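Novice: Heads up: the sequence lines are chains A, B and C, in that order.
Going by our numbering, the first sequence opens with residue 31, and the numbers climb by one from there.
Going by our numbering, the second sequence opens with residue 858, and the numbers climb by one from there.
Going by our numbering, the third sequence opens with residue 3, and the numbers climb by one from there.
For the record, the hints were derived by calculation from the structure and aren't laboratory data.
Among these hints, one or two may not hold up.
Simulated pairs of lysine to any residue, SDA-like, Cα-Cα distance not exceeding 20 Å [to be verified]:
id, chain 1, residue 1, chain 2, residue 2
1, A, K266, C, K367
2, A, K306, B, Y1057
3, C, K327, A, S253
4, B, K1160, C, S94
5, C, K251, C, K447
6, C, K200, C, K248
7, A, K77, A, T352
8, B, K1030, B, L995
9, C, K396, A, I216
10, C, K308, C, F342
11, A, K117, C, S94
12, C, K367, A, T352
It should be emphasised that the depicted structure is a prediction, and the values quoted were computed from it without experimental measurement.
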Amino acid sequence: MIFGRFKIEPRLEPKLSWQIVSILLAVMMSAIVCAIMLNSAGVDVGKAFYLIFEGAFGTWKAVIKTLVKATPLILTGLAVTVAFRAKIWNIGAEGQLFAGAITSYWAYTMFQGAPSFILIVMVILSASIGGALYGGLAGYLKAKFSVNEVLSTVMLNYIIRYVLSFLLISGPWRDPSSFYQQSSRIIQAAKYPMLFGISRLHMGFAIALVLALVVYLFLTRTSLGYEIRSIGFNPKASRFKGINVDRTIIIVMMISGGIAGLAGAGELFGVHYRLKPDISHGFGFLGIIIAMLAALHPFGVILAATLFGGLVNGGIRLQVFTGIPTAMISSIQAIILLFFLTAAVLTRFEIRRVKANE
Amino acid sequence: MSDLFQSTIVISILAATIRIATPLLLAALGELITERAGILNLGVEGGMLMSAFMGFYATYASDSLWIGLLAAMVTGALLNLIMVFMAATLKVEQVVTGLALNMLASGLSLYMYKLAFSDAKSKIPTISIFQNVEIPWLSQIPYLGEIFFTQKLLTYVAFILVPVVWFFLYRTKFGLEIRCLGENPKVIDTKGLSVTMRQYAALLLGGALIGMGGAFVTICSTVRFIPDITAGRGWLALVIVIAGNWRPMGLVIAALIFAFLDAFQLQVQGIGVQLPYQLLLALPYVVAILLMVFKRGTSEEPKRLSVPYFRGER
Amino acid sequence: MEASIRTVNLTKKFHQVVANDAVSFDVLPGEIHCLLGENGAGKSTLAECLYGFYKPDKGQIFIDGKEVDISSPAEAIGYGIGMVHQHFVLVSSLSVLENIVVGTKSQGLLLDLRAAEKKIKSLCDYYNVELDLHAKVWQLPVGQQQWVEILKTLYVGAQILILDEPTAVLTPEESKMLFKILQLMTDDNMSVILISHKLNEVLQSDRVTILRKGKKVATVTTAESSKEELTSKMVGREINATLEKKPMKAGKHFLAIKNLKAKNDRGQEALKGFDLTVRTGEIVGIAGVAGNGQKELFETLIGVRKATEGEIYLNGVDIVNRDPKYIQKLGVAFIPEDRFAEGLVSDFTVEENLILGNHCDKKFKKNGFLNFKEILVFAKECINKFDIQTPSEKTLTRTLSGGNAQKVIVAREFAQNAQLTLANQPSRGLDVGVIEYMHQMLLKKRDEKGGILMASEDLEELFNIADTIVVMHDGQIMGSFPVAEADINTIGLLMAGHADQPGPSQQVDT
């Protein structure tokens, strides 16, 4: 296409600067849509945005709360990032989170008498093993039977919720003293230690940050990371050069599920101190949005997760003061992704000045 | 006496099967057209949910079920319009787009519901739904009459649409073009026809069907709207397309299998069988995985499914 | 006589690359006009402009003397232009009829195949071709599939037919048939534009327009020209007709294949049980049109495809159905047919592609992590040694030209010092310069006691560098000849499937 002195053509190599621009554009456009939604609901837009900001980052207390909310999102975001890098569409981070929560709670019941340090280590280990096995199952179905991983992980998401429901209602883990569908409260020794004394920022946050670094190093500097990227870009050529694609698929899903499982343990032993069905508020699905916004970069995941954690808190504050349902925030989160995908198209094209003699 | 008891249950289960299969079948038929045109739309669940809500809301606001149905179909088509714009025009990653649409529909339907009915704090909004239509004479047949010929209008439409969609895909010119889109869109392009425009048409058509499926969940089934009322039916529709091997007849069988499991579970709960109810609720999803594992024969999956078409690709 | 189609100063650019630079040529009614040029000369781009696939940046196109603006294939079809692409554009799961009829104008909404069937049948009769219109395309041999492509254009009334490298996929016999059909067409005053770089065919045309690096070099009347003149105009310099090839010093049998059977992706038998050997210091060339089992043979040899029966011995070790990593470690290198789909990861950098397959090697690792320094050194070495034209080793491989992409693959494979090198159509789509270079490298390997098994559709290439020529047809080896005793006519007949030709056959001892 030619417009006067400029020409739009497909870009050969993507540039980082344009990727950042597309994220900013997406956030801006979503803010405009948000403003429209608020306006039509009869709320003062400026006041609403201020409330959201206050709830997200307004005070130190708010920042801590946001980081607590961001913790599971960093983990699910990382889980999805690892899988998506291999072009394996793991939509099951939600289910793998629950699987991790379940197995970690089981470990808790097994090791309750042990010293706190051992107990927590066992809890963390079993969370990752539980998530890894559940993710690995979907990986195995894909590798051996070519089952579409999107659908299998979605199905598995539903199945594990029913398993959890069984365990908490009719099964062995029901809290006999409570009316609600939940387990009894965990003992003090099992709680994740807090990072800064009396704040609510628990060890899970530190785990998440460390894991982000580990995932980054893993993807960019190890030969397994190389293989993951290779099969994501071209599984056929990878197979031709000796990479065992099937085995790698299973490994990737186990790693992905394992990381998501840690999110489950974090919510259980760091926030709720009980096993219950709403231990996750769609964290697995938010992880997908976060991974995409981060362009599948582990450090970007930390930023995007913090942003989304802030949005959730901001939305709660907004609801308290204006009555606007928090469902608006969920809509906005999806809208940000849609705008981002649209804006990312910009990175595929470039505008070039047409020289005089062309 | 026990004989009668048993046959009543069986009839009840079978009638429920036909009823429950309706939204699954409609959404699956809509998705079939979409996938045959080469686009994988994971946003079926979102499309059904949003259509279910809009169908409910429009019926409530206008007091007319037909307007509600129309609103639902338009909503389904609109959501598919977003999908095809992103998939065919912008050519972005289809998997993620579909997921985003699901999440959008989930949040937006709840948000709009809460906003629309924030005043009616004490009374939960309800509508009166479509009633069963008894086919004259046929519905009098013992047993079969109750199962097949005493259903909602939309159910009859759904099952009639199966041969209609088959005819559309295999006996019309546009249907042939759609099938080419999914297998090798370059064929359409080199004949001088627009790939993009045809994908738009296919998705709008499919979206209307998905909208019908969503409408059934509210205005044909229940008087009130519950958040996430579609409860995974859209995902089952996607599995149905795969399990049915992308053929209309196969779709019906798969839809009926899932519907039967659900109908069975409902009935069994009622008479207090000693199985944990969560197992029965999880059964359709387990069966879905099994169906995908044990697919027999050559797959008719459209070769270019979810691959955006670029002219002059390297 | 008014030209049926003429271009004046047609220019087309992609980014900074000028694909067609002010090309002016014309085609007369009743003429077979060849567009001759190396790969990258601009022939296909010019054709795509005529067909409305691309819009020229500058220049004009005239049809029957009237200036036209062809901005889409629909308009090109309207002007009577039809195109048969090099890679067929067909839906293999649909029938011949459906492929021809889809998208064509007709009454009503319903599909009426009967009327179309009559019209197409009469076309087939007119050109003396037998074709089952209800067969699914995947069931047809390649030659018939091409006829379907031609029918697509005739069905909508094409008067100007463009064929892009049509004989690349045909046996010599099928090529003859094609030219008979083209002759009938020109007798009816149709115009045929034939894109080719095969001189044998070019010599059958009426006139030739030679393109080089986007510019038109000349238009000559074929009868008044010669192979040498055409070649030198095409390449721009005198060609060294012969490569320096030392006499073969073959050693023991290194690769021995016995009764190998395997299925293709459709589940049909692609390899039907044959024997084949390659000795150290020997280049064995497999002659045959692609699609006769070569792809499946190589895939079975490197371990990506399952053999249903048979044995493969590499230096005495049975490697049949072992995994690719194991086979690669034993000393097998492979240059696959499809550069970007099978040989490279386009979204990786040149550096990353150079270590593909060897990324787990100790020499590229340090403390468990990838040793970027070593990798960089290795990459720079390869780029230098093989003269890979790339802005940097960190450039995305996707942006490289076909020739340079092939060099990356060759560099990577040769760096392994493998005893056995496999190559499937290694010269396809490359410039003469790059091809020469690759031949030199292959000969060098062979002189260093490596064994090479390569498949090529280019008989001339095989006669130039192979020591032994083996003919493959329909999953069988039809015959095997030391190159000195090979006769091109015999080979041509064997390629077409005619067995019982005179000639020595290969002895296999392990």
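Novice: With reference to the structure, classify each hint as holding or not holding.
Specialist: Tested hints:
Taken as a hint, the K266(A) and K367(C) pair is broken in the structure, with Cα atoms around 25 Å apart against an allowance of 20 Å. Distance hint between K306(A) and Y1057(B) is unfulfilled; the C-alpha atoms sit about 44 Å from each other, more than 20 Å. In summary, the hint linking K327(C) to S253(A) is supported, as the alpha carbons are separated by about 15 Å, within the 20 Å threshold. Restraint check for K1160(B) and S94(C): the C-alpha separation of about 10 Å stays at or below 20 Å, so the hint holds.
Of the pairs offered as hints, the one joining K251(C) and K447(C) holds, with about 12 Å between alpha carbons and a cut-off of 20 Å not exceeded. For a cut-off of 20 Å, the pair hint linking K200(C) to K248(C) is broken: about 27 Å separates their Cα positions. Proposed proximity of K77(A) and T352(A) is supported: the alpha carbons are some 10 Å apart, at most 20 Å. Restraint check for K1030(B) and L995(B): not satisfied, since their Cα atoms lie roughly 35 Å apart, outside the 20 Å limit.
Restraint check for K396(C) and I216(A): not satisfied, since their Cα atoms lie roughly 53 Å apart, outside the 20 Å limit. Restraint check: the Cα-Cα separation between K308(C) and F342(C) comes to about 23 Å, which exceeds 20 Å; the hinted pair is violated. For the suggested pair K117(A) and S94(C), the alpha carbons sit about 27 Å apart, so the restraint of at most 20 Å is broken. The straight-line distance between the Cα atoms of K367(C) and T352(A) is roughly 58 Å, outside the 20 Å bound, and the hint therefore fails.
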